[in-house]
Amino acid sequence: MLVVLAILFIGCSVFVENFLSLANMKGLALAVSMTGMVACTMLFCLAAGDFDLSIGSVVACAGVIAAVVMNRTGSITVGIATALAFGAVVGVVNGFVVAKLKINALITTLASMQIVRGLGFIVSGGSAVGIGHEAFFVLGNSTVLGIPTPIWITAACFAVFGFLLNRTVFGRDTLAVGGNAEAAHLAGIAVERVKIVIFTAQGLMAAFAGIVLASRVTSGQPNTSVGFELEVISACVLGGVSLTGGIGNMGFVIAGVLIMGIVQNAMNLMNVPTFYQYVARGTILLAAVLFDRWKRRNQPV
Amino acid sequence: MSMEFPGVKALQEVSFEVHAGSIHALMGENGAGKSTLLKILSGAHHPSGGSIAVDGRRVEFITTADALRAGVAVIYQELHLVPEMTVAENLFLGHLPQRLGLVDRNELAAAAHRQLEFIGEPLDPATKLGRLPLAQRQMVEIAKALTRGARIIAFDEPTSSLSDREVRRLVTIIRELKTRGCAILYVSHRIEEIFTLCDRITILRDGKHVETAALENLTRDQVVHRMVGRELADIYGYMPRPTSGDGLTIEGLLGPGLAAPLSLHAEAGEIFGIFGLVGAGRTELLRLIFGATPRSGGRILVRGQPVEIASPRDAIEAGIMLCPEDRKKDGIVPVRSVLENINLSARRRNARAGVLINESWERGNAQKWIDQLRVRTPSARQLIRNLSGGNQQKVILGRWLSENIKVILFDEPTRGIDVGAKSEIYQLMQSLARDGVCVVMVSSELPEVLGVSDRIAVMRQGRIAAMVERGEANEEKLLKLALPLETSAATPDIN
Chain A
11 MLVVLAILFI GCSVFVENFL SLANMKGLAL AVSMTGMVAC TMLFCLAAGD FDLSIGSVVA
71 CAGVIAAVVM NRTGSITVGI ATALAFGAVV GVVNGFVVAK LKINALITTL ASMQIVRGLG
131 FIVSGGSAVG IGHEAFFVLG NSTVLGIPTP IWITAACFAV FGFLLNRTVF GRDTLAVGGN
191 AEAAHLAGIA VERVKIVIFT AQGLMAAFAG IVLASRVTSG QPNTSVGFEL EVISACVLGG
251 VSLTGGIGNM GFVIAGVLIM GIVQNAMNLM NVPTFYQYVA RGTILLAAVL FDRWKRRNQP
311 V
Chain B
229 MSMEFPGVKA LQEVSFEVHA GSIHALMGEN GAGKSTLLKI LSGAHHPSGG SIAVDGRRVE
289 FITTADALRA GVAVIYQELH LVPEMTVAEN LFLGHLPQRL GLVDRNELAA AAHRQLEFIG
349 EPLDPATKLG RLPLAQRQMV EIAKALTRGA RIIAFDEPTS SLSDREVRRL VTIIRELKTR
409 GCAILYVSHR IEEIFTLCDR ITILRDGKHV ETAALENLTR DQVVHRMVGR ELADIYGYMP
469 RPTSGDGLTI EGLLGPGLAA PLSLHAEAGE IFGIFGLVGA GRTELLRLIF GATPRSGGRI
529 LVRGQPVEIA SPRDAIEAGI MLCPEDRKKD GIVPVRSVLE NINLSARRRN ARAGVLINES
589 WERGNAQKWI DQLRVRTPSA RQLIRNLSGG NQQKVILGRW LSENIKVILF DEPTRGIDVG
649 AKSEIYQLMQ SLARDGVCVV MVSSELPEVL GVSDRIAVMR QGRIAAMVER GEANEEKLLK
709 LALPLETSAA TPDIN
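These protein sequence lines are chains A and B, in that order. Take the first sequence: its letters are residues 11 to 311, numbered as in the working numbering. Take the second sequence: its letters are residues 229 to 723, numbered as in the working numbering.
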C-alpha cells in the first residue's frame, strides 16, 4: 500500500496543478484529520474482529450536544465534557451488547447508528445549532507553528494509538482477540473487557472528532458526517487491516488515510463534479486493494 | 485403473501406483508431503512437474471439478460440507437434480435415500447436517463422493476424530468400496489401522519417496523406521518416577457434560490418564477445571490449596494450564507469529510496568522454547498457521512452559501429530512430571493412555466409571469400562 501511496503522490505532484503547494498540503491534511483520528480507534475495532458503524452519527450528535450544552450552561468545559461522556456511553453500550450479549457488531452498531442519529436531530430540533463562544473555535481554527491544530491532534493520535497497538499488552491482546477469540480466552486474555474498552475508546474518539468539527464550523450540525463510518473503514481497509480481525498496522492505516485524502483533494483541484467523485473513490478503493493483494501474492514468502 | 505420480516436483520425484480394488496406505511424518500430494490429486494444487494417469490415461486437473469428473474424490479431515443445509442437499451439492431449472425435491429425496442406504447409514435425508455427530458427517461425505461416481477415493486421516465403534463402521464401508473395484488411498498416522486395513503402502519422508511395497512384506517397526529415518525403540519411553504430594484435587465438580458430582485426586509428579469414548465428558471435565466453562459446583485444589477459578485467567494464575484438543479452533491464533503465540499468556507477567511489551524478553523467551522444544520454523516471526500440527502443539506447550506450571491438562495431545513429534511430546510430559508437575492427559487412543499414564481414570457417560493402576490396565479392560451401559441405571462412582 505504501507503493500505491508513493505512486499516487508523485503522480498528483506531476500532473495536478497546485497539488504540491504548501497551502494545498495543509488543506489536504486538514481534510483527512477527522478520518485519521477516528481511523485510530477503528483500527483497534477491526483488529479485534469487530465493526463500528455508529461513529458518523456519534460525530454529528456529539457536536450538537456540545453546542446545545455550551449555549445553555455558558461553559465550554461542561459542553465538551458532556459530549465526550455521551460518546463514551454509546461506546460502552455498543461494547456491552457485542461482548457480553454476543450480538454481531455489524447489527449492534447499525442499530446504534440510527438511534444516535435520531438523538442528534431530537437534541438539535432538526437544524444546525450555532455556538456563541468565540474561545471554543480555537480548537478547530487555530494554528501551531503554522500548522492547523486538528492536524497536530491527528498526528498525536497516530503516535499514541500506534504505540498502544505495538508496544502494549493491550494492543497485542487486541490482535489476538481478533485472530482467534476462543484461543485468546483460553490463554487468559479478558476478551470481553478488551472489546468493551475498544468500543468505549471508539465512542470517545468519535465524540472528540465531533467536537473538533463543531469548533471548525462554529456550530453543531445534526446532518453532518453521513457515511463517515464507511470512509473510515475504507481507509483502514486500504491500510491492509483485515476485516476478519487479527491483522493491522498503524503505519499502513496512515497510508490508507492519505490515499483517500489525496484522491479527494486531486479531484477537487481538477474540478471533477461531486457525482463522479463517488464513482472514482469507490473504483480506487477496489483497485488499490486488488493491487495490494496481487503484489503480495507475487512476493516470495 | 491405476494412478501414477511420476516426478511431481514439489514432492521431489514421487512416483507410485494405486491399483483398482486395493487399499493403498500413504504414510509419512507431518511435512513429508502427504497433504501436498492429496491437494494435487484433488486439483487444488498444481504440480510443477510430473503427471497423473487414471486408467493409464494421462489426466490434468486444472480445477477441483476436473478431478471429480475424472472420478477422483478426496475426503479431508475437515469435511467440506455445509452445516446449514440438509443431508440430501449436501450429497448433491453442485449438481442438484433439476426440473425446468428448479430443484426437483422428490428426486433429490429419493436419490439421497438410495445413496445413504448403500453405505448403510439409516439417516433421514432431510436432517440438517449440522445436527449430526462428526462420524455421521463423514459418512455423508463418503456418500457424496460416491454420488459423483468417484472410483478413486483418498481419505485424509478419516479416523482421527472417530470412536472405536465408528471406526469399525468406516472400515466396513472402505472394504466394501474395495470389493466394488475402487482404488483407495488411505492416509493415517495409526499404524495398527494401516496394517489391518491396507494392502500396499507408500512411505514419504521430507517430500521424497522412500518406498512402495506390499504391507505383508513389512513389519510395523520397519514402517516406522522408514518414516522417521531413525530407530524409535519405544515411543512412550515410560519410566517410573516418584510422586511428591498433592497435585490436583477435584471435589464434587459439577457442570455441563458431567452427570454427577465428580471428584478426583492426582499427585504432583504423576501422569494421570483419562480415557473415555467420544461424549463421555472428558473434554468438558478439562474445560470445567480450567474455568473455560463455568462450573455449577465443586472445589478445586492445587497442591492442597483451594483455588478460586472463574475464568481461564484465574486457572493460569493458579498454575493450571490447558492444551486444547482442537488446536486450530481453541489453541492457536493463526494469523499471528510463533513469537506472539508463545508469549500470548506470559507476556502479562513480564510486561514493563504491567502494560508495556518487554520486547527483548519476548524475543528471548520465544527463541528459548523454539530451541528447547525443537519447533521447526524458519524464524520466530513465521505465522503459526504455516507450521505443521506437531509444531503448533509445541508452540502451545511453549506458551505454558513460559508460565509457572503446577498442573497441565492435555486434551488429545497427539491428535493428528506424526510419530516423531508424538514421541517428543511424551518425553516432555514425563520430564514435566519429573519436575513435580501434575500431568493430566485425556486421550481416546488406548495405546497412548496405556503407554504414558501412571494411573488411568475411565470416564463413561459424564462420570468416572473406574480407576485403574498402570500395572493392571490393558486395552480390553479399559474399553469394557468405557462402553456405555445398556440401561441408564445409575452406576456408583468409584473414587
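Where hints are given, some of them may not hold.
Stated by the list, open to error - For the chain B half of the interface with chain A, some residues (derived, Cβ under 7 angstroms), not all of them: (1) G249; (2) L505; (3) R523; (4) R541; (5) I544; (6) D558; (7) G559; (8) V561; (9) L572; (10) S573; (11) R575; (12) R577; (13) A579.
Simulated from the structure, these hints should not be mistaken for lab results. Where a beta carbon is used, it is the ideal one built from N, C-alpha and C, also for glycine.
Comparing the hints with the structure gives:
1. Hint status for G249/B relative to chain A: violated, with the closest Cβ pair at about 41 angstroms, above 7 angstroms.
2. About 24 angstroms separates the beta-carbon of L505/B from the nearest beta-carbon of chain A, more than 7 angstroms, and the hint is not met.
3. Of the supplied interface hints, the one on R523/B is violated, with its beta-carbon coming no nearer than about 16 angstroms to a beta-carbon of chain A, more than 7 angstroms.
4. Hint status for R541/B relative to chain A: holds, with the closest Cβ pair at about 4 angstroms, below 7 angstroms.
5. Restraint check, I544/B versus chain A: the minimum CB separation of about 4 angstroms is within 7 angstroms; hint holds.
6. A hinted interface residue such as D558/B counts as satisfied when its beta carbon comes closer than 7 angstroms to some beta carbon of chain A; here the least separation is about 5 angstroms, so the hint holds.
7. About 6 angstroms separates the beta-carbon of G559/B from the nearest beta-carbon of chain A, less than 7 angstroms, and the hint is met.
8. With its C-beta approaching chain A no nearer than about 4 angstroms, V561/B sits inside the 7 angstroms limit, and its interface hint holds.
9. A least Cβ separation of about 4 angstroms between L572/B and chain A falls short of the 7 angstroms threshold, and the interface hint therefore holds.
10. Annotation: S573/B was flagged as interfacial toward chain A, and the flag holds, the nearest CB pair being 4 angstroms apart, inside 7 angstroms.
11. Taking 7 angstroms as the C-beta cut-off, the interface hint given for R575/B holds, the closest approach to chain A being about 6 angstroms.
12. Given hint, R577/B at the interface with chain A, is violated; its Cβ is 10 angstroms from that chain's nearest Cβ, farther than 7 angstroms.
13. Look at A579/B: its Cβ gets to within about 5 angstroms of chain A, closer than 7 angstroms, so that hint holds up.
In this structure, the hints that do not hold are numbers 1, 2, 3 and 12, in rising order.
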